Amino acid sequence: YHPIESPDQIRMLELLPGQDDEPIQVKISHRLLADLPLREALSYEWGSPTRYREIICEGKSLKVTANLVVALTRLGPATKELEHTERAKGPQTSRLLWVDALCINQDDIDERNEQVKLMGDIYRNARRTLAWIG
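The numbering of the sequence shown is the numbering used here, which starts it at 71 and goes up by one.
Please keep in mind that the hints were generated in silico from the structure rather than gathered at the bench.
Note that the structure is predicted; figures quoted are calculated from it, not measured.
Any given hint might turn out to be false.
[Said to hold, decoys possible] With a cut-off of at most 25 Å between alpha-carbon atoms, the simulated DMTMM-like pairs for lysine to aspartate or glutamate come out as follows:
(1) Lys130 <-> Asp91
(2) Lys130 <-> Glu92
(3) Lys133 <-> Asp91
Using the sequences provided together with the hints, build the complete structure.
Here is the structure:
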């Protein structure tokens, strides 16, 4: 993770197009809360805290929980319908999400404590909040 540089900055996750047989690929960028593009926020049940599943973030392996992999796979990148659930269907574009487990460095307690304070604003100002209960 690149450090958060100001108290009103967050990370955003871009879920990239892909096929069902490919690893999930994402990009992470930093944005100011006051200058956020339209995005969705994902609220999900973490399941086991063990991070043993792999996704690819900007060419590097990133370990995440199994439940997050399932949620991201089901969500997939956006299509014209946006509601689809299969990554291999339709003309795809990337999907901009805020996902706490990836947008907050969970291994940095100070960052985590500061970012948790912003979660109300993040969810409240999202275009929509998606709930995944596994």
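Hints, verified against the model:
1. Lys130 <-> Asp91: 18 Å, holds
2. Lys130 <-> Glu92: The given pair, whose Cα atoms are some 14 Å apart, holds under the 25 Å limit.
3. Lys133 <-> Asp91: 18 Å, holds
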